[in-house]
Amino acid sequence: MFSLQVGSLLNVALILGTVLVSAALLIWVERRFLGFFNDRLGPNRVGPFGILQSVADVIKLITKEDWTPPFADKLTFVVAPIIIPIVMLLSFAMIPFAPDVGIIDMNIGLLFVMAMAGLASYSAMLGGLASNNKFSLLGGLRAAGQMISYEVFMGISILGVVILSDSFSLRGIVEAQADGWYVIPQFIGFIVFMVAALAESHRWPFDLPEGEAEIISGFNTEYSGMKFGLFFVGEYIGMLLMACLIPVLFFGGWHAPFGLGFGNPIVSGLFWMAVKVGAFVIFFILVRAALARPRYDQLMSYGWLVMLPLSLINLLITGAIVLSQGS
Amino acid sequence: MLKGLVHQVKIIWTQIVSLWLVFLHLFHKADTVEYPEVKPHTFPRWRGRIILTRDPDGEERCVACNLCAVACPVDCIALQKTEDEDGRWYPEFFRINFSRCIMCGFCEEACPTHAIQLTPDFEMAEYVRQDMVWEKEHMLIDGTGKYHDYNFYRVAGKAIGGKDKGEARNELPPTDRRSLLP
Amino acid sequence: MSVLFYGNAIIAILATLMVITRTNIVHALLYFIVSLLAIAVIFYTLGAPFAAALEVIVYAGAIMVMFLFVVMMLNLGQVTEDQEKAWLVPSIWVGPTILAIPLLAEVLYAINVQQEEMAHTVVGAKEVGAALFGPYVLAVELASMLLLAGLVGAYHLARK
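Residue numbers (the numbering used here), protein chains in the order written: chain A, 34 to 360; chain B, 4 to 185; chain C, 49 to 208.
Rather than coming from a laboratory, the hints here were simulated on the basis of the structure. In this text, all values refer to a predicted model and were calculated from it rather than measured experimentally. Check the hints yourself; a few may be wrong.
Restraint-style ranges between C-beta atoms, simulated for each label pair [as the list claims (entries may be wrong)]:
#, chain 1, residue 1, chain 2, residue 2, range
1, B, V73, A, E245, 34 to 42 Å
2, C, L124, B, N100, 35 to 43 Å
3, A, P327, B, D78, 28 to 36 Å
4, A, P290, B, H31, 25 to 33 Å
5, B, V36, A, E245, 22 to 30 Å
6, B, Q133, A, S334, 53 to 61 Å
7, A, A89, C, P138, 54 to 62 Å
8, C, F181, B, H31, 50 to 58 Å
9, A, V39, B, V20, 53 to 61 Å
10, A, L47, B, H31, 36 to 44 Å
11, B, D124, A, K107, 35 to 43 Å
12, A, A211, C, L199, 40 to 48 Å
13, C, E189, A, R73, 57 to 65 Å
14, A, E245, B, I19, 55 to 63 Å
Using N, Cα and C, we set each Cβ at its ideal position, and we do this for glycine too.
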């Protein structure tokens with residue numbers, strides 16, 4: 034039970050703890066890196082290098098008044114922020130971090146992650162609807178349209194990987210990449226998946242559901258205290274999840290690049306997985322710092338007129354090549 | 004079709020370029036300073052805390068003309084004129100409500116005697132709002148501020164103790180208008 | 049496994065009852081989502097993981113979101129809630145209840161007669177695909193034609 038194998042209690046505790054701590058740490062990391070990208074220093078006061086900034090933020094959020102507006106729909110208002118962290122944490126059960134490190138190895142792992150991503154959109158929608166506020170409603174509508182649209186391309190773009198690896202299990206996909214990462218044959222899929230991942234976790238530049246300049250804070254306008262904190266943490270866990278999924282699907286998961294693996298395969302695997310996840314987290318922050326938010330109709334037309342054909346062509350070509358080689 | 008494709012490629016290329024340029028900023032030196040430990044450099048003409056200066060002879064420069072109070076867009080200056088036995092004008096009280104002041108510097112521009120001046124000091128936070136109201140004794144300094152050798156009464160025609168009419172700099176003696184003698 | 053099955057079945061039935069009796073449409077949709085998730089777990093316990101995943105992705109993740117999307121656009125308030133309350137009187141229930149009783153009887157009969165262990169062949173994604181593009185390819189093509197007709201119709205309506 035306490036040995037290091039897939040699904041052991043030690044694994045579950047370690048992964049859950051690491052994910053929660055790094056999601057909290059991510060808030061600090063993001064603000065610090067945004068500072069560097071903007072030629073600032075970022076938060077550097079609380080603890081060494083400001084590393085305890087998240088603790089201070091949490092203390093502040095917890096001690097704030099937990100207010101439910103009298104005009105809100107109580108049940109839905111309370112349920113909405115709970116959904117997103119739960120759903121995102123559930124998805125982490127499927128991620129293989131290293132050989133023998135992971136919570137479950139399910140044969141429908143990828144579909145499970147997709148399903149959870151689909152459920153995550155309820156958080157923003159119900160939050161926007163329950164707040165009974167025009168701006169929240171607009172934010173919720175935007176979130177619904179955006180997440181449904183980009184889920185389609187996200188699903189289609191990873192089908193190429195599924196065809197190549199012949200498996201829906203994320204562990205199977207990583208093991209199939211032992212002799213070549215899928216980013217090379219599936220480059221278009223990778224690009225589409227990354228754009229869709231940004232839109233799906235409504236991170237910048239696709240943060241239209243929150244578009245401060247237009248609709249105050251979108252679906253979470255009426256939220257305060259720890260209810261807002263749940264939205265916030267859920268979003269960061271989502272970002273971490275996407276940063277874990279991209280290496281797993283396209284960059285060979287725990288496999289070391291150029292044969293740079295060392296010593297114990299678990300230690301080496303964890304190290305390289307952490308390096309890849311960190312690189313993508315920093316890339317997400319870079320995207321936030323560099324790119325401007327598109328208009329909503331641009332977002333939609335870009336999705337349906339560019340991303341959908343691209344992902345379909347990618348799927349078609351991959352299928353054709355695999356069929357012609359297979360038999 | 005081809006034109007649209009070229010357009011799309013161009014759009015994506017510009018995004019990649021901006022990503023790269025912003026990434027390079029990771030290796031730039033920060034433009035900001037860590038404020039309480041490192042003070043930012045403020046220039047001599049920085050518009051900060053307001054002072055009242057004295058002329059080179061050590062007398063108050065302010066002549067209580069009220070021009071600063073008129074120029075002030077937020078009406079934070081209040082003063083009242085009085086005279087000493089020599090005929091010199093000076094403010095009986097001079098009050099600036101710094102909780103209203105927006106550090107625009109209009110008072111400094113309006114002042115005909117260089118009495119009111121803004122300094123590069125900006126650390127004026129208080130815990131009690133009442134402490135933001137400053138009186139003359141809080142603002143009056145012993146020096147001349149930014150203008151070292153200007154003395155209003157030496158160039159002005161007004162007669163004060165120790166200087167009669169016509170004795171100011173570049174000033175002719177008073178003429179007797181009723182006389183025809185050159 | 050059977051504990052999981054019956055637990056989820058009870059949750060699904062209760063949630064569906066709540067869907068029918070709620071006057072607030074958003075609460076009804078919330079219960080509907082819970083019901084769909086419970087049914088997905090039932091699929092999983094019955095050895096159909098692919099169907100379970102699709103249940104969540106398609107029904108809970110997409111179609112219900114569309115429902116909610118429409119609800120958001122309709123600006124439903126206290127008025128519609130009162131209307132719903134007025135409609136939900138016992139005399140309305142009589143017809144559907146009479147029709148549903150035979151169904152309940154059939155289910156009870158089936159459960160009592162079929163006592164042997166439930167079939168446990170796991171039907172994965174590959175089997176589903178093989179079935180869809182093998183014996184049932186005609187049905188798939190028909191469904192795709194229907195969807196295409198819907199797509200063209202939606203495009204025509206949205207053109208203006």
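- Which numbered hints fail: Those not satisfied are hints 2, 3, 9, 11 and 14.
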